[in-house]
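Chemist: Listed here are the chains, written in short residue letters.
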Amino acid sequence: ADIISTVEFNCSGDLLATGDKGGRVVIFQREQETKSRPLSRGEYNVYSTFQSHEPEFDYLKSLEIEEKINKIRWLPQQNAAHFLLSTNDKTIKLWKISERDKRAEGYNLKDEDGRLREPFRVTELRVPTLKPMDLMVEASPRRTFANAHTYHINSISVNSDYATYLSADDLRINLWHLEVTNRSFNIVDIKPANMEELTEVITAAEFHPHECNTFVYSSSKGTIRLCDMRSAALCDRHSKFFEEPEDPSSRSFFSEIISSISDVKFSHSGRYMMTRDYLSVKVWDLNMENRPVETYQVHEYLRSKLCSLYENDCIFDKFECCWNGPDSTIMTGSYNNFFRTFERNAHRDTTLEASRESSKPRAILKPRKVCTTGKRKKDEITVDSLDFNKKILHTAWHPSENIIAVAATNNLYLFQEKVN
Amino acid sequence: MFVRGLKRKCFDGEEDIEGTLAGIKAIPSYNLQRQSLLDMSLVKLQLCHMLVEPNLCRSVLIANTVRQIQEEMTQDGTWQMINTQNTGQASLDRLVSTDILCRSSRDQAEGKHVPGYGTFNKDFESDQAQDSSETMSTASSVQAPRNLQSNVWEMENPQENKGNFQKSLDQIFETLENKSPNSVEDLFSEVDNSYYDLDTMLTGMMSNTKMGHCDSLETFSSPTNTASNSNCKSDLNDLDHIVEILVES
Chain A
1 ADIISTVEFN CSGDLLATGD KGGRVVIFQR EQETKSRPLS RGEYNVYSTF QSHEPEFDYL
61 KSLEIEEKIN KIRWLPQQNA AHFLLSTNDK TIKLWKISER DKRAEGYNLK DEDGRLREPF
121 RVTELRVPTL KPMDLMVEAS PRRTFANAHT YHINSISVNS DYATYLSADD LRINLWHLEV
181 TNRSFNIVDI KPANMEELTE VITAAEFHPH ECNTFVYSSS KGTIRLCDMR SAALCDRHSK
241 FFEEPEDPSS RSFFSEIISS ISDVKFSHSG RYMMTRDYLS VKVWDLNMEN RPVETYQVHE
301 YLRSKLCSLY ENDCIFDKFE CCWNGPDSTI MTGSYNNFFR TFERNAHRDT TLEASRESSK
361 PRAILKPRKV CTTGKRKKDE ITVDSLDFNK KILHTAWHPS ENIIAVAATN NLYLFQEKVN
Chain B
1 MFVRGLKRKC FDGEEDIEGT LAGIKAIPSY NLQRQSLLDM SLVKLQLCHM LVEPNLCRSV
61 LIANTVRQIQ EEMTQDGTWQ MINTQNTGQA SLDRLVSTDI LCRSSRDQAE GKHVPGYGTF
121 NKDFESDQAQ DSSETMSTAS SVQAPRNLQS NVWEMENPQE NKGNFQKSLD QIFETLENKS
181 PNSVEDLFSE VDNSYYDLDT MLTGMMSNTK MGHCDSLETF SSPTNTASNS NCKSDLNDLD
241 HIVEILVES
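For the protein sequence lines, the chains are A and B, in the order given.
Numbering follows UniProt numbering, with no gaps: position 123 of the first sequence is 123.
Numbering follows UniProt numbering, with no gaps: position 38 of the second sequence is 38.
Everything labelled a hint here was simulated from the structure, so no lab data went into it.
Ideal Cβ positions, reconstructed from N, Cα and C, are used throughout, including at glycine.
It is possible that part of the hints are untrue.
To be verified - Estimated spans, in silico, between C-beta atoms of each pair:
| no. | chain 1 | residue 1 | chain 2 | residue 2 | range |
| --- | --- | --- | --- | --- | --- |
| 1 | B | T74 | A | M288 | 35 to 45 Å |
| 2 | B | T74 | A | A363 | 56 to 66 Å |
| 3 | A | P245 | B | T74 | 20 to 30 Å |
| 4 | B | T74 | A | D387 | 14 to 24 Å |
| 5 | A | N213 | B | E71 | 36 to 46 Å |
| 6 | A | N186 | B | E71 | 28 to 38 Å |
Working from the sequences, and respecting the hints, build out all of it.
Modeler: Right, dumping it as structure tokens:
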């Protein structure tokens, strides 16, 4: 199994897609509740596996293009088939996943095993009939959106108009129509005329869930820009600019690096957005630009370790974050296979661990605690014994139920709320 | 603000490594840590350049950190100070202080404690610098990344230094656009380990010091940090000291 690089539920939550470093996509489907297996509801089993991207070679630059899947986004379901967009650093692909459970039999021109029949043997015409067969799930690439990004794609986001989507790389954001692969429109370009003056890159972008003209993008300097596509064809001038003023007392050489936003997600309501920087998660009200309305510390105990984390490059880890269905709880990952949930109204936060040792199937997860003072209590973990190689960067929350998917390196964990 | 110009322990002018180490142990120099951070960042940037597919975001963040340090050093006058002290040898030391970190582990084993002295040289007598530079002259024949950085480090006068420094950053970004794979990755495969040696040395130094300006940091640092100060056992805690010093209160 390869390292998982993205996790995403579809709009109904019945399907869960994961992408990995080897360019593969694995889709899980939720088991339906049946009388014979009442406890199986909530279990996800493998539905389809396919190779989405292959490694490529850019001959002009003599560089390899990684096949790692950076993001997967589902399209809303409009017929029996499912569609998703998956992207690596350079190319976005639209995949159709469809089921086949019937087979046509009784062809006129060919035998049952597919060989062509001799014409003189065809003595009568018959209508082929559909017979049931074992369920087969097929994934086929329907569109390939290529050659539009010079830099590495970090985000894709489907618009609420269900016809367009955006793709963002380090310096540019492009708008595509799902049906058109040979043309895309550049809507944001922050590349300076002189690359020597480059000091800021785009780190994430997302369309507003309801307003099809609005999108946001975050930067490596900890700012978020909200743009309205109605105002201009090139949205280099933002409509809103979100930035929290820096706290001068905590300024250090690492301040900028830890302020770099690794993920931005709109709430389902569309009223708020959440940003993840290295040490915290912030909730912003779209109507207030000068500071977030809520700030949650994910692992503040790392603030004094920033030099070591800079040395071993962990400070550049890009953690994602997600909302639950009602937008009442947010979740994000940390190190040592820990992930954190924050209940916004109850002001309660929980630390849980995704590991085989600490979670038996169907057992309730025990909350974990990191010891920040000198005295370590029983069951607590000291900061120094945290494993920084075990990082949870990708998590996803079911759109309507309390089921969460947590990717821990090359393992996928699914947890659900215990229902009595 | 940090207390600059902390009174140093008596430096006997010993030329052996142990003696100098003893002299250094007493100095929690902000300049030293800042210099180490600068060196580390430059190595990371060079690594970025060498990789087949450098991560632009990471490169930009590291380059911004380097610029920040450079600006602060310029404001302090430290940058000027380095340059005015410059003899050809001192510049070689500075060159070596980063190149040392780029050496393979084989070379590293020979000159294990040397990197620290490369950075210390600015603060010490010039004859000391001479001594270290002789030791390190073998290392100066280190190759590859210098094709990009070498002109930076030929520091003749302050203005040019700044310009060259800026130019090196610019070159990094330009070359990020037109990268060509470089086969010196093996050279850098040991870099982190070698830096760790510098780190260990620094932390060994740090664990014996009592920082006078620790109190001023308490207002912002959490109680846990002060608790860990008294228990400076692990390397990680010692590095935390370094970070505390780097952070302005």
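Chemist: Hint by hint, work out which the structure violates, then give me just those numbers in ascending order.
Modeler: Of the numbered hints given earlier, the structure breaks just one, which is hint 4.
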